[in-house]
Amino acid sequence: MATKEFIRDLKENEGIIYKVSGVYCNTIEDQKDLYQEIVYQLWKSYKSFKGESKISTWIYRIALNTSISYLKKEKRKGNQITIDSILSNRMEQIDTIMDERISLLYEHIKKLSIVEKGIILLHLEGKNYDEIASITGFSKTNIGTRLSRIKLKLKSQLIK
Amino acid sequence: MKNIWDDRNQKIDKQKILTDKSIINITKKQYDNKIRSISITETIFAFFSFIFSAFVLINYAKLNTWYLATSGIIVVLFLIIVPILSMKWIRALRYLDITRNTFKQSLFEYVKGKQKFINFIKTSSYLTIPFIMAFVLTAEKIFNDNNLIAENDFGVYWYVLPLGIIIQILINKWILIKYKKTINEAENILKELEQ
Numbered sequence: 001m002a003t004k005e006f007i008r009d010l011k012e013n014e015g016i017i018y019k020v021s022g023v024y025c026n027t028i029e030d031q032k033d034l035y036q037e038i039v040y041q042l043w044k045s046y047k048s049f050k051g052e053s054k055i056s057t058w059i060y061r062i063a064l065n066t067s068i069s070y071l072k073k074e075k076r077k078g079n080q081i082t083i084d085s086i087l088s089n090r091m092e093q094i095d096t097i098m099d100e101r102i103s104l105l106y107e108h109i110k111k112l113s114i115v116e117k118g119i120i121l122l123h124l125e126g127k128n129y130d131e132i133a134s135i136t137g138f139s140k141t142n143i144g145t146r147l148s149r150i151k152l153k154l155k156s157q158l159i160k
Numbered sequence: 161m162k163n164i165w166d167d168r169n170q171k172i173d174k175q176k177i178l179t180d181k182s183i184i185n186i187t188k189k190q191y192d193n194k195i196r197s198i199s200i201t202e203t204i205f206a207f208f209s210f211i212f213s214a215f216v217l218i219n220y221a222k223l224n225t226w227y228l229a230t231s232g233i234i235v236v237l238f239l240i241i242v243p244i245l246s247m248k249w250i251r252a253l254r255y256l257d258i259t260r261n262t263f264k265q266s267l268f269e270y271v272k273g274k275q276k277f278i279n280f281i282k283t284s285s286y287l288t289i290p291f292i293m294a295f296v297l298t299a300e301k302i303f304n305d306n307n308l309i310a311e312n313d314f315g316v317y318w319y320v321l322p323l324g325i326i327i328q329i330l331i332n333k334w335i336l337i338k339y340k341k342t343i344n345e346a347e348n349i350l351k352e353l354e355q
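Going down the list, the sequences are from chains R and Y.
Take the first sequence: its position 75, counting from 1, is numbered 75 in our numbering, and each next residue is one higher.
Take the second sequence: its position 80, counting from 1, is numbered 240 in our numbering, and each next residue is one higher.
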């Protein structure tokens, strides 16, 4: 029964995993790898989800936290597994529909620091300061200050 | 910026990636893989270290002077403590509490863990020479019944000690090359978190 619920929740929110893995990885192979790791971590932690927050908030938290321990290339070498072929094909399909503007935006977001990437992603996803604060652990005021700084940084990068 | 992102979101939402089957496949594969990676990398070094320390303990009665007994204890402690601590740091880095931690806490724990792990490798490398000295003294007595100190026979150290020094230099060089970027990154992240 829990497996059914998990699959339903995951499928409803799968876009989150795609976007988080896209922001934190530089190659499609790494993205596929991180994508699978996030799915696994969500499955492992699903029992601990008590419904105190929205399922999407919980998924963002797990996905961002998983990305941290997945940052180093050398760490992943020992953990490589065969990528699920269906998953792989579908992810590549999405990649081909990425237009120039979004590629440029992604390119600049990837240049930001680990913390900044997480905050701007949540902001672009339409999360309010309360939600961003509860996922990231920074205060609302701090989120505001950081967001202004990130926007300035992105603007100056985009103008160049 | 927001418009571009929202436009992209719509496209992503239309393209469903996951199927029931692929979710089950991913969780199963990742689980199998975790079991494999833990058993290979973390246990081999520990296994041999524990075997040798058990061997020293079984033959401990042969270490019949205070300095041989002390060197035996040093060898056993080194061979037990180093692998345990090493596994502890690696596991701490690998298994952050991603369910309870916020992004900030996870990042802080990860970076602090990295720094502690690097410091641990550095400290272990400084202990290489005392360990080799104690190891040779202990092994000579247990295997050859030869008390190097009583017989004033330090010939073996002429090639073992330079070897130890080379190992220590190599480990330190390796840390410097391999972890220099990580150390700098860790410091930058910590600064950013404190802002």
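Source of the hints: derived by calculation from the structure; they are not laboratory data.
Some hints could be false.
[As the list claims (entries may be wrong)] Cut-off 20 Å, straight-line C-alpha distance, at most; resulting in silico cross-link-like pairs (PhoX-like, lysine-lysine):
| no. | chain 1 | residue 1 | chain 2 | residue 2 |
| --- | --- | --- | --- | --- |
| 1 | Y | Lys341 | R | Lys155 |
| 2 | R | Lys153 | Y | Lys188 |
| 3 | Y | Lys274 | Y | Lys338 |
| 4 | Y | Lys274 | R | Lys47 |
| 5 | Y | Lys282 | R | Lys117 |
| 6 | Y | Lys176 | R | Lys11 |
| 7 | Y | Lys282 | Y | Lys351 |
| 8 | R | Lys117 | R | Lys153 |
| 9 | Y | Lys176 | R | Lys4 |
| 10 | R | Lys111 | Y | Lys181 |
| 11 | Y | Lys176 | R | Lys110 |
| 12 | Y | Lys264 | R | Lys127 |
| 13 | Y | Lys189 | R | Lys11 |
| 14 | R | Lys110 | Y | Lys264 |
| 15 | R | Lys32 | Y | Lys162 |
| 16 | Y | Lys188 | R | Lys4 |
| 17 | Y | Lys274 | Y | Lys340 |
| 18 | R | Lys151 | Y | Lys189 |
| 19 | R | Lys32 | Y | Lys171 |
| 20 | Y | Lys171 | R | Lys140 |
| 21 | Y | Lys181 | R | Lys11 |
| 22 | Y | Lys176 | R | Lys32 |
| 23 | R | Lys110 | R | Lys54 |
| 24 | Y | Lys171 | R | Lys19 |
| 25 | R | Lys110 | Y | Lys162 |
| 26 | R | Lys117 | Y | Lys351 |
| 27 | R | Lys32 | Y | Lys188 |
| 28 | Y | Lys351 | R | Lys111 |
| 29 | R | Lys44 | Y | Lys171 |
| 30 | R | Lys140 | Y | Lys351 |
| 31 | R | Lys32 | Y | Lys189 |
| 32 | Y | Lys264 | R | Lys4 |
| 33 | R | Lys11 | Y | Lys171 |
| 34 | R | Lys151 | R | Lys127 |
| 35 | R | Lys19 | Y | Lys351 |
| 36 | R | Lys127 | Y | Lys162 |
| 37 | R | Lys44 | Y | Lys188 |
[What the hints assert, rightly or not] Just a sample of chain R residues kept apart from chain Y, beta carbon distances all over 12 Å, derived:
| no. | residue |
| --- | --- |
| 38 | Asn26 |
| 39 | Thr27 |
| 40 | Glu29 |
All residues carry an ideal CB built from backbone N, CA and C; glycine is no exception.
**OP:** Please write out, lowest number first, the hints stated earlier that are contradicted by the structure.
**Re:** Numbers 1, 2, 4, 5, 7, 10, 11, 15, 18, 20, 23, 29, 32, 35, in rising order.
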